[in-house]
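There are 2 protein chains.
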Amino acid sequence: GRGLELEGSSTPTSHRLLAYSDALLSIIATVMILPVAHTKIHPDQKLGESIQQLLLAKIAVYLMTFLIVTVAWAAHVRLFQVIKLIDDVLALLNLACMMIITFLPYTFSLMASFPEVPFGIFLFSVCAVVIGLIQAVIVVYGFYHPHLLNHEIQVSENQNFYKRRILKIILRGPVLCFLAAIFSFFFIPLSYVLLGLVIVFPHLTRFITWCKTRIVGQREEEEEHHSLETFTFYLSEPLSKERVEAFSDGVYAIVATLLILDICEDNVPDPREVREKFHGSLLEALSEYGPNYLAYFGSFVTIGLLWFVHHSLFLYVTKATRLMELLNILSLAFIGGLPLAYQLTSEFAEKSHNELEAIQVSCVITFFASIFQFAIWTTALLHERETLHPFAQYGGNEHAFMFAKLALYPCVSLGAFFLTCLLSEFSTAIFHLMQIVIPFAFLALRIFVRISLAVIKSMVSLSRRKAVLSEEEEACLSPTETLS
Amino acid sequence: GRGLELEGSSTPTSHRLLAYSDALLSIIATVMILPVAHTKIHPDQKLGESIQQLLLAKIAVYLMTFLIVTVAWAAHVRLFQVIKLIDDVLALLNLACMMIITFLPYTFSLMASFPEVPFGIFLFSVCAVVIGLIQAVIVVYGFYHPHLLNHEIQVSENQNFYKRRILKIILRGPVLCFLAAIFSFFFIPLSYVLLGLVIVFPHLTRFITWCKTRIVGQREEEEEHHSLETFTFYLSEPLSKERVEAFSDGVYAIVATLLILDICEDNVPDPREVREKFHGSLLEALSEYGPNYLAYFGSFVTIGLLWFVHHSLFLYVTKATRLMELLNILSLAFIGGLPLAYQLTSEFAEKSHNELEAIQVSCVITFFASIFQFAIWTTALLHERETLHPFAQYGGNEHAFMFAKLALYPCVSLGAFFLTCLLSEFSTAIFHLMQIVIPFAFLALRIFVRISLAVIKSMVSLSRRKAVLSEEEEACLSPTETLS
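Sequences listed follow chains A and B, in order. Using this note's numbering, the first residue of the first sequence is number 1, and each one after it goes up by one. Using this note's numbering, the first residue of the second sequence is number 485, and each one after it goes up by one.
Since the hints were made in silico from the structure, they are not lab data. All C-beta atoms in this analysis are idealised placements derived from N, C-alpha and C, irrespective of residue type, glycine included. Take the hints with a grain of salt, since some may be wrong.
Below are the EDC-like pairs computed for lysine to aspartate or glutamate, each with C-alpha atoms no more than 20 Å apart in a straight line [claimed, not checked]:
1. Lys725(B) with Glu600(B)
2. Lys761(B) with Glu116(A)
3. Lys277(A) with Glu870(B)
DEER-style ranges, computed between Cβ atoms [as the list claims (entries may be wrong)]:
4. Asp754(B) with Glu157(A): 32 to 40 Å
5. Thr378(A) with Ala928(B): 38 to 46 Å
6. Phe762(B) with Tyr192(A): 49 to 57 Å
7. Leu866(B) with Val200(A): 32 to 40 Å
8. Val944(B) with His203(A): 28 to 36 Å
9. Phe670(B) with Phe440(A): 33 to 41 Å
10. Leu866(B) with Arg164(A): 26 to 34 Å
11. Lys761(B) with Phe201(A): 23 to 31 Å
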């Protein structure tokens, strides 16, 4: 049997399967923003109240779904760091796992609509347990066919040790969920606490260990580094940079395309209405939607440039630590909120007293999305030797420019926020025009940094040449030697 | 200037930018199925008529958008086969290009709603022209900074020749669109003909050349091969397999996740309704949605397995020819129609006289999606030396299994279609259960093929051993030597 299987060798590397899983998971994580963004708000209603209403229910669903799906994604990444080759059985098991994960947002919506009914939380927990079990089956299958495993584990003698540890990491969440499912019939609050624990647990242990190393090993930097390493080993390796990028790309891509869907569904005028109301003039009918187009292009530019900043940053990231991953996920959670910002600013454009509040919400979302990107960068700088490419380290060629890129959006969104407070005539039109102008700021920035770098370089080389020339005078060397 | 730029060296390979573009483009191509799927059909209305109504407007919009976006995608792939490294300016230009492409579906919706008004087609053509111009700027920028180019072009002496040819290929479509924009104010039908030409043109020229080689070079296979090669050179290289896979993955992923969005928006019961209608029993309220869950899981399994078949096929495809790419895009266009199939079968489950027609539509969509996959495979077999891995060629280990995998869905969907004609009691529930059972058929197939292969092998080795033994008796060799 074994010989035949190796000969048949339908065991390619898992690259495409993983890319597909990343795409699925990132879309599922983000797609729950749509019910939030599509909540109808009457233009006469005060936005303040309706936002509070939204915050309590649908945004909570969105955020929790996002975090839970990212937890499932992280488990998936860990799993396929152990299993490197995929055969048909594993591919089918993985698809089954994806199917249950896509069902999670629905169970979560049930839970949010009926928080006091045990069935919602029961269904959710059961799904989580099934996902855990499928992943455990994948691990067991992988260890039963060792040629599918990671090379390091394949050659190690402690395969059983690895197997038990990986199963323990994977089944930790499902066991908590299983308890939650049981308690859902007796005492629902405990179930919620248990589910919350599933999300927070990895980060909590990380934080506790971090505090410990801070308190105990504060003096000797060497020791801290050491304990940090044993810790990352303990909770297994950090996630692969490639998959972090793929997941992030999925989120940015779906957010950018959700916008056009809204435009296509809401802003194509009805032929009958055009005939009756606008005397058959399509242009006149479309001019009503002018602010929506502006909002669309403004939002798309914002998403595109935030992706661009993320892309530029991760070009120079050589290894993403767990804290950087957490910050990245928080940034993505706010990126996922951008369709809501678009909806608010296009809905309340120039026709209601909520206009400024809508702009403020947009600014807050953009600010948090970009400030977490900035935090990834500062965190990376703390351990720059391990995490960053030399170009981006202190004194590297790209360091100043990277800083400027990352600082741009936090500054702009803060600035826009304060403008809404100071100027009562600030409008969505101005806001969106600001958004559209920013890419040119990027290019201007690039040119400015280049010119100033060139000036500094020429000054440095000038002073160096002077020094060389004075040395020359002293030592009387031939000029060709110094110039070469 | 130049030295500084090379030192700054923010010129990585374009991998991540291309993956992101593929994700964006595949989602945009597919997302227009949503207005089709969300068209409300009264349960009492005859499905036959409403389908005709749909076919005429929204499905046409979907299909045309899909084809146009794939044309834009193909141009994008060609472009970045020439330009291999990306700097900030190129990344921003690419994002600008993506922004205009995401706007295409909207202009197309306008065109479909107001076919007789020139503004719709004018706007569409202008977008296409702008996309072409941005791509031309990218090419010019790339040739101005030759270190960004493909290595082969970089070292060749005929850079200007390449530049002109690439610009010609890229600007061919926009020039036609520019003419269409001008004619839209004088004679609209001509504009439509020109736009149709943009979509059909690459395939048309390919078909004409193919016919020529058929008629002229039918006798000598060598000659045909030769002319085929010069032809692919003429229309530049076939698209890279990696990007074909990435685009396909995007389509499969968005289709799979659009389903859960529908479930989440439509099938969470209203708390007030549960209180009043079901006496507070959530389970009873949810049991109303039972058929929808079944439809969801059935559809997800279908999409997942069609992806799996695609994945298995492309594992053994070493090079995708242009005909294979065309077939792949046609297959994907039907894959994109699966949310419509889901919507129909879940809407008309067990409560209307349209149930069987809904199943038939599902079968037709699945059949075409899978038969085009099968056609990719047969096309690949025609030139199996160039296009397929030895395992999948005639007589390869995986050949029989691959055939079985690819034939499964066409057979099943045809079978289900005929069952709806023969059995009046065939229902959506049975149909979805069939869909869910199919993965087990996959596994059974695998085991069956393995066993039969093992039987054949043992028979072959048995007969060989007999032959060896008879030789042994003749030559009196030691048994250890023959067994090794």
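Enumerated hints in conflict with the structure, sorted upward = Those not satisfied are hints 1, 3, 4, 5, 6, 7, 8, 10 and 11.
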